[in-house]
Structure formats: C-alpha cells, structure tokens
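**Q** From first to last, the protein sequence lines are chains L and R. Heads up: the first sequence at position 109 corresponds to 109 in our numbering, and the numbers run straight through without jumps. Heads up: the second sequence at position 205 corresponds to 205 in our numbering, and the numbers run straight through without jumps.
Heads up, a few of these hints could be off.
[Stated by the list, open to error] Straight line, CA to CA, 25 Å or less: simulated DMTMM-like cross-link-like pairs of lysine to aspartate or glutamate:
(1) R/K82 <-> L/D124
(2) R/K89 <-> L/D86
(3) R/K54 <-> L/D12
(4) R/K28 <-> L/D42
(5) L/K128 <-> L/D86
(6) L/K142 <-> L/E56
(7) R/K54 <-> L/E4
(8) R/K12 <-> R/D180
(9) L/K128 <-> R/E229
(10) R/K82 <-> L/E158
(11) R/K122 <-> L/E156
(12) R/K54 <-> L/E117
(13) L/K71 <-> L/E56
(14) L/K2 <-> R/E24
(15) R/K54 <-> L/E56
(16) R/K82 <-> L/E94
(17) L/K128 <-> R/D65
(18) R/K195 <-> R/E24
(19) L/K127 <-> L/E157
(20) R/K89 <-> R/E213
(21) L/K71 <-> R/E10
(22) R/K5 <-> L/D42
(23) R/K82 <-> L/E117
(24) R/K289 <-> R/E267
(25) R/K82 <-> L/E152
[Claimed, not checked] Which chain L residues stay away from chain R? Per the calculated CB distances, all over 12 Å, these:
(26) A6
(27) N10
(28) S60
(29) T110
(30) K141
(31) K142
FYI, nobody ran anything at the bench for these hints, they're computed from the structure. All C-beta atoms in this analysis are idealised placements derived from N, C-alpha and C, irrespective of residue type, glycine included.
One-letter residues, chain by chain:
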Amino acid sequence: MKQEIALNINGDTYELLVSPNQTLLEVLRDNLGLMGTKRGCDLGACGACTVLLKGEAYLSCLMLAMDAVDKEIVTIEGLGGRGNLDPLQSAFVEQGALQCGFCTPGMILTAKAMLSEEDHPTEDIIKKRMAGNLCRCTGYKKVIEALQSVSEQTAEEE
Amino acid sequence: MRLPKFEYVEPKSIEEACSILSDESSAKILAGGTDLLANMKHRVEVPSVLANIKRISGLDFIRQDNGAIRIGALTPLKRLYKTTLVTEKVPALSSAAASVGSYHHQTMGTLGGNLCQQNRCKYFNQSQWWRSAREPCFKAGGGICHVVNKKEICYSSYCGDMAPILLVMNAKVVLANKGDSREISLQSLFSGDGKTPLDTKKGEILTEIVIPEEALNSFSTYSKFANRESIDFPIVGAAIWSSVQRKEHRVSFTAVDRKPIRARNIESVLKGRDLSEEIVEEVAGLASKEAALVKSSNYAPSYKRRLMEGLLRSTLKEAMRRS
Numbered sequence: 001m002k003q004e005i006a007l008n009i010n011g012d013t014y015e016l017l018v019s020p021n022q023t024l025l026e027v028l029r030d031n032l033g034l035m036g037t038k039r040g041c042d043l044g045a046c047g048a049c050t051v052l053l054k055g056e057a058y059l060s061c062l063m064l065a066m067d068a069v070d071k072e073i074v075t076i077e078g079l080g081g082r083g084n085l086d087p088l089q090s091a092f093v094e095q096g097a098l099q100c101g102f103c104t105p106g107m108i109l110t111a112k113a114m115l116s117e118e119d120h121p122t123e124d125i126i127k128k129r130m131a132g133n134l135c136r137c138t139g140y141k142k143v144i145e146a147l148q149s150v151s152e153q154t155a156e157e158e
Numbered sequence: 001m002r003l004p005k006f007e008y009v010e011p012k013s014i015e016e017a018c019s020i021l022s023d024e025s026s027a028k029i030l031a032g033g034t035d036l037l038a039n040m041k042h043r044v045e046v047p048s049v050l051a052n053i054k055r056i057s058g059l060d061f062i063r064q065d066n067g068a069i070r071i072g073a074l075t076p077l078k079r080l081y082k083t084t085l086v087t088e089k090v091p092a093l094s095s096a097a098a099s100v101g102s103y104h105h106q107t108m109g110t111l112g113g114n115l116c117q118q119n120r121c122k123y124f125n126q127s128q129w130w131r132s133a134r135e136p137c138f139k140a141g142g143g144i145c146h147v148v149n150k151k152e153i154c155y156s157s158y159c160g161d162m163a164p165i166l167l168v169m170n171a172k173v174v175l176a177n178k179g180d181s182r183e184i185s186l187q188s189l190f191s192g193d194g195k196t197p198l199d200t201k202k203g204e205i206l207t208e209i210v211i212p213e214e215a216l217n218s219f220s221t222y223s224k225f226a227n228r229e230s231i232d233f234p235i236v237g238a239a240i241w242s243s244v245q246r247k248e249h250r251v252s253f254t255a256v257d258r259k260p261i262r263a264r265n266i267e268s269v270l271k272g273r274d275l276s277e278e279i280v281e282e283v284a285g286l287a288s289k290e291a292a293l294v295k296s297s298n299y300a301p302s303y304k305r306r307l308m309e310g311l312l313r314s315t316l317k318e319a320m321r322r323s
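When you get a sec, could you build the whole thing from the sequences and use the hints?
**A** This is the structure we're talking about:
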C-alpha cells in the first residue's frame with residue numbers, strides 16, 4: 001500500500017505517495033522527473049545513481065525512498081545550473097572530463113562528497129574514492145585531473 | 001529492476017525489532033541495504049517484512065571500555081577508517097573496511113551488516129530470469145545444489161571482508177533478543193550452511209562487536225585478491241594476527257568455505273615459534289589444506305588454492321618485517 005512521505009530534495013520539500021518497495025532512484029526519476037540521477041546497473045556497482053544524503057555519497061538504487069525521509073538529499077540538479085556552475089561542474093567542462101555524460105552526475109556528486117571529507121586528496125585517494133563510479137567512454141584520467149584542479153583551487157583560496 | 005513487494009516498518013527500539021523478527025518468520029533487518037536490496041532485486045531474498053533499524057538510536061558508536069574496543073553494529077564502514085581510535089589501535093580493521101566494495105558501499109554499509117551478509121554463489125547471485133534456466137537450488141528455495149551434488153547442503157561461499165580480521169582478533173559479538181542479550185564468539189555466529197549462514201536464534205539481532213584488549217597490541221593485517229582491485233568481493237581473502245611475545249600467530253581465510261574459517265592446523269604448527277623464511281615456506285604449503293574448495297565462484301579451486309598460499313606467504317612476511 002502506498003504511503004505518504006515528505007522528502008527534502010535540493011532544498012525543497014516534496015510530499016509524495018510512494019510504495020515501500022520504491023527505491024529513492026525510482027522516486028527521483030519516475031515520480032519527480034529529476035532525470036539527472038541515472039539508472040545504470042541498478043545493483044550498486046556503477047555509481048551512476050549517486051546522490052548526496054547529508055553531504056555523503058549514497059547509491060540511490062540501493063536505498064528505499066522511505067529510508068530517505070528526514071535526510072537532506074542533493075541531486076545533480078541541486079548543484080548549480082547554467083551561468084552558476086559548481087566549481088566541480090566547471091572543472092569537468094574545462095578539463096573535458098566527460099564524453100557522453102551519463103556517468104557525470106554520479107562522478108560529480110561522489111567527488112563533491114569526497115572533497116568535503118578530504119582536504120587535499122592524493123591521486124591515490126582520488127582513485128580509490130572514485131573507483132565505484134564507472135565511465136565507459138572517456139576514461140578516468142581527465143576526471144582525476146578535474147578533481148585535482150578543484151582541490152588545488154580550494155587550497156589556494158585558503 | 002523493481003524490488004519485490006514487502007511491508008516496511010521502522011521499529012523504535014531493539015526490543016520491537018526483535019519481536020518483529022520472531023513474529024514474522026520471513027522478516028528481515030534492513031541496515032545499510034547494499035547486500036540485502038541487491039539480493040532482493042534478484043529475488044534471491046524475498047522477505048515479507050523489512051524492519052529498518054537505522055532509526056533506532058544507540059547502535060552507532062565506537063568506544064573503548066575496560067580496554068576492549070566496542071563497536072555498534074550500525075557503525076558505517078567508512079567511520080572505521082575515519083575514527084582515530086580505530087586507525088591507531090586496530091589499523092588492520094580500518095584497512096579491511098577500506099577494502100569493502102566502493103566508497104559508496106563504505107558510506108552506506110555497516111559493520112554489523114557486513115558480518116551478516118549473505119553467502120555468494122555463481123548460480124544464485126543472478127537475476128531470476130537467468131536462474132530460471134535451471135532447477136532452483138537450495139538457496140533459491142529448491143532441492144538441489146548445482147555446485148556439489150550432495151543432499152540438503154548449500155555450498156555457497158561466505159565472502160565478507162570484515163570477518164577474517166575480526167576472527168583472528170578473537171572478536172565477540174553481542175546478540176540482542178527482546179530485552180535480553182548474549183555475547184558469543186564471532187566464530188560461532190556462522191553456521192557453515194550456505195542456506196542460512198548465521199547461527200542465530202529466532203528474533204536475535206546483532207547489536208555490537210567487541211574486540212578484546214589482548215588483541216590490540218599485536219600486529220594484524222587483512223589482504224585480499226579480487227577481480228577488480230578497487231571494488232569487488234574477494235576471490236580469496238586472508239587475515240593474520242601475530243604476537244612476538246606470546247609466539248602466537250593466528251590465520252583466517254574468507255571466500256574459501258561456507259563460512260569464514262580460522263586455519264587451526266597452520267596455527268598449531270606456528271605456535272611457540274618465531275616467524276622465519278623457512279617457517280613461512282613450511283606453512284604456506286599447508287594453506288590449501290585448510291578448506292575444501294568447491295566451484296561456487298567463477299574461479300577454479302586450483303587457482304584459489306594458489307591464492308590462499310600466496311596470501312598466507314605475503315601476510316606472514318609482512319608480520320616478520322613489522323616485528
């Protein structure tokens with residue numbers, strides 16, 4: 001039976017009727033039309049469905065929507081838009097860290113969570129943390145370079 | 001892939017969660033969900049009720065109490081390598097946690113959930129459609145095992161990354177049951193039957209992991225071989241704990257049997273001796289005899305035997321260097 005819940009997504013509160021067996025990913029895409037969050041493997045192996053929950057990187061395909069109640073959710077749509085890009089988004093564009101772009105929302109959100117936890121991650125740490133986000137076209141080198149440039153940028157600002 | 005239908009509940013206390021488990025025979029506990037929900041999508045597990053225990057407070061902690069380190073079952077794996085108490089006192093536990101799945105799994109997954117994960121097998125960790133080409137096996141509710149043609153036993157392997165390092169530290173676990181609780185050794189938590197890998201009583205929930213003080217001041221390490229280095233279950237994993245003063249060395253393996261195992265034969269050969277190149281070579285040859293390997297994964301038992309030997313050799317040599 002469907003149940004009424006309220007989700008806090010990108011600063012807005014959404015009141016929804018959901019089934020207990022709906023994942024957060026299904027609710028984001030099917031109920032709310034937030035298509036930035038991608039459905040890849042749907043089993044937690046590719047990272048395309050990554051969203052931020054209280055600033056941490058979660059796989060929305062392995063999380064029940066009911067379980068996300070009372071947690072601040074940020075999807076790629078909440079990060080920044082045209083003319084107002086997040087530094088990570090700008091870095092991905094400048095470094096050419098994407099090709100088809102399917103994995104990019106997950107990559108950027110995982111990177112966001114990582115950079116909020118690690119002050120100046122080494123290349124080794126970046127590779128370890130990003131390992132759960134698969135890219136099937138452009139590769140990982142430019143993604144790592146984009147992350148390094150943002151990390152250096154914040155170091156300079158400090 | 002849609003999840004099957006189930007009733008969702010959020011118990012407010014452990015007692016309430018225990019009664020749900022004992023009243024509803026096919027109820028399951030939801031913690032991190034990274035193992036359970038993936039299995040449910042494959043219809044390997046189809047619980048009628050899911051009890052989400054993450055809303056219960058007081059199950060997420062790391063503290064030192066009378067020398068022993070006590071860790072709440074809901075502690076995320078990530079916290080094990082972000083908390084100074086763990087990185088300083090039990091660095092091997094931190095690095096084992098960092099070797100589980102991906103960064104996301106380490107954020108979502110809990111220590112209790114990792115220990116209680118389902119066994120794995122190449123025949124049933126597949127979609128329902130894929131499995132439908134064969135007769136259902138024990139694990140999928142049928143009456144046959146496609147790995148070993150024996151009656152009534154499921155030969156799936158336990159592939160957890162956290163169990164081996166906790167086993168060599170002689171860790172204990174606390175199981176709560178409706179206001180009551182009991183502390184047992186981690187080893188006795190595992191049944192050795194692939195169909196029901198945990199040997200718990202009806203209604204019991206793992207609430208705490210206890211690492212005894214005696215385990216803290218000696219060298220220990222966990223090492224694994226996996227298909228993808230960064231994000232995968234182990235093909236074989238091995239942990240050792242080595243005390244120079246007591247001349248005691250403990251060894252455990254994961255992904256080689258229906259439960260994580262302590263290599264008792266190797267341990268008795270090592271007992272009372274100092275580690276040396278010769279002794280390491282002597283026991284490395286014994287590694288593969290500790291488990292009766294079967295073809296439950298895509299890797300041949302002969303390959304896994306060599307991995308067991310290689311891991312034992314490299315971890316023991318590391319212990320030699322450190323001491």
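**Q** Check the hint pairing L/K128 with R/D65 against an upper bound of 25 Å on the C-alpha distance.
**A** Violated, at about 33 Å.
**Q** Should the label of L/N10 as a non-interface residue stand, given a Cβ cut-off of 12 Å to chain R?
**A** With a cut-off of 12 Å, L/N10 remains clear of chain R, as the shortest Cβ separation is near 20 Å.
**Q** Does the structure keep L/K71 and R/E10 at a Cα separation of 25 Å or less?
**A** Status holds; Cα separation ~15 Å.
**Q** Has the given pair, R/K54 with L/E117, been kept, meaning a C-alpha gap of at most 25 Å?
**A** Since the Cα atoms of R/K54 and L/E117 sit roughly 22 Å apart, the hinted pair holds (cutoff 25 Å).
**Q** Do the alpha carbons of L/K2 and R/E24 lie within 25 Å of each other, as the hint requires?
**A** Distance of about 21 Å is within 25 Å: holds.
**Q** Run the distance test for L/K71 versus L/E56: straight-line Cα separation, threshold 25 Å.
**A** Satisfied, since the Cα-Cα distance of roughly 11 Å is no more than 25 Å.
**Q** Just to be careful, I want the Cα atoms of R/K54 and L/E56 compared with a cutoff of 25 Å; is the pair within it?
**A** OK: R/K54 and L/E56 at ~16 Å, within 25 Å.
**Q** Keeping to a limit of 25 Å between CA atoms, is the pair of R/K195 and R/E24 held or broken?
**A** holds (19 Å)
**Q** Would you mind confirming whether the straight-line C-alpha gap from L/K128 to L/D86 stays at or under 25 Å?
**A** holds (23 Å)
**Q** Measuring Cβ to Cβ, find out whether L/S60 lies farther than 12 Å from everything in chain R.
**A** violated (10 Å)
**Q** Take a quick look at whether L/K127 and L/E157 sit within 25 Å of each other, Cα to Cα.
**A** holds (24 Å)
**Q** Verify the proposed pairing of R/K122 with L/E156, using a straight-line Cα cut of 25 Å.
**A** Given pair R/K122, L/E156 is violated - Cα atoms ~50 Å apart, limit 25 Å.
Hints 2, 11, 16, 17, 28, 29 from the list above are not met by this structure, while the remaining hints are.
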